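Protein chains in written order, with my numbering: chain B, 1 to 83; chain P, 1001 to 1205.
I should point out that these hints are in silico values taken from the structure, not numbers from a laboratory. Be careful, since some hints might not be right.
[As the list claims (entries may be wrong)] To spell it out: a stretch of chain P is covered by chain B in this simulated footprint if at least three of its residues, at any positions, have a beta carbon under 8 angstroms from a beta carbon of chain B; those stretches are: (1) 1011-1019; (2) 1041-1054; (3) 1061-1071; (4) 1125-1138; (5) 1158-1171; (6) 1185-1196.
[What the hints assert, rightly or not] According to the in silico footprint, chain P covers these stretches of chain B (three or more CB under 8 angstroms from chain P): (7) 6-20; (8) 43-54; (9) 71-83.
All figures in this text were calculated on a predicted structure; none of them were measured in a lab. Where is the CB? At the ideal position from N, CA and C, for every residue including glycine.
Here is what each chain is made of, one letter per residue.
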Amino acid sequence: MTVYAEQLSCQELVELVTEYLEGALPEEEAGRFESHIGTCNGCRIYLEQMRQTIVVLGHLPDGALAPEAESALLDAFRGWRSS
Amino acid sequence: MSEAQLVEALRGGDEEAFRELVREYQPSLVRVARIYVPTQTAAEDVAAETWLGVLNGLDRFEGRSSLRTWIFRILTNIAKTRAVRDGRTLPFSALDPGRVPEAAVDADRFLDPEHPRWPGHWAVKPEAWPEDALLAAETREVIAEAIEALPATQRAVISLRDVEGWSSDEVRNALDLSETNQRVLLHRARSKVRAALESYLQENT
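Chain B with its partners taken away, still in its complex shape:
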């Protein structure tokens, strides 16, 4: 039973995913994280989904500046340069 108490539950693991991905978990905790992932299919899929989420976030288009706003800034730049 003590063995069980030391293991992470799935509910605990999902709260550690970001710390794990950021390399911020202490070594022992990272070991418990990985040993759980090694045997739990649900958590393995969960971790994969978080990784996929991050990848897709990286492919979102930036909020571009409206052309008229950009030309207003460039006008300001020209004004600043000639002042």
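Keeping the supplied structure of chain B fixed, place chain P upon it in accordance with the hints.
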């Protein structure tokens, strides 16, 4: 172009260099401004004012901090001043995730923590996502909506880290966050975006 070269080009009136700089930082400036001001339009105004502040201060920029950090400091000062002027006191905890825990995954997805055999184990496991659906344009819209629905600080952190690809240190400096708070905000934001994706993909694939 190195940063020193870029600053030199800007001081010399290089319009193309200025245009590049604006294109690179404008989306982030607006997102960060949204932490302090209530609307998108107000945030765009703050960003525009920031660029004027950058031009006015450029001759005094000494390179003691990075150009990016310097620009974001100007933004933050302008946004705070504006919040005060508009009578909006910034909630003291705007940049503090607080002590109220937020679950990354709904508790009802798990078995009871007192379950005799599988405490806290998945009751409803996640299912692997189809790769092609992830890349679809509609999926991106779902993500964009999920980001928009986040509290402003979480939105700023996930936008800078994951959309713009900044490092955690750069985000901490720009937003003046502790390492822990940056991570907690990122965790909450990513968890919510994942959950939004999961519910969308479940219904639509």
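Exercise. Within the segment 6-20 of chain B, is the number of residues with a Cβ closer than 8 angstroms to a Cβ of chain P three or more?
Worked result: The restraint on the segment 6-20 of chain B holds, since 9 of its residues have a Cβ under 8 angstroms from chain P and three suffice.
Exercise. Counting residues of the segment 43-54 of chain B with a beta carbon closer than 8 angstroms to any beta carbon of chain P, are there 3 or more?
Worked result: Coverage by chain P holds for the segment 43-54 of chain B (9 residues, Cβ < 8 angstroms).
For this session: Verify the coverage statement for the segment 1061-1071 of chain P against chain B, using a C-beta to C-beta distance below 8 angstroms and requiring 3 or more qualifying residues.
Result: Check failed, 0 qualifying residues.
Exercise. Within the segment 1158-1171 of chain P, is the number of residues with a Cβ closer than 8 angstroms to a Cβ of chain B three or more?
Worked result: holds (count 6)
Exercise. Do three or more residues of the segment 1041-1054 of chain P come closer than 8 angstroms to chain B, measuring C-beta to C-beta?
Worked result: Coverage by chain B holds for the segment 1041-1054 of chain P (4 residues, Cβ < 8 angstroms).
Problem set entry | Coverage assertion for the segment 1125-1138 of chain P with respect to chain B, Cβ distance below 8 angstroms, three residues required | holds (count 7)
Exercise. Taking 8 angstroms as the C-beta cutoff, is the stated coverage of the segment 71-83 of chain B by chain P satisfied by three or more residues?
Worked result: holds (count 8)
Exercise. With a cut-off of 8 angstroms between beta carbons, are at least three residues of the segment 1185-1196 of chain P near chain B?
Worked result: Holds, because 6 residues of the segment 1185-1196 of chain P bring their Cβ atoms closer than 8 angstroms to Cβ atoms of chain B.
For this session: With a C-beta cutoff of 8 angstroms, work out whether three or more residues of the segment 1011-1019 of chain P approach chain B closely enough for the coverage to hold.
Result: holds (count 4)
Checked against the numbered hints given earlier, the structure breaks only hint 3 and satisfies all the rest.
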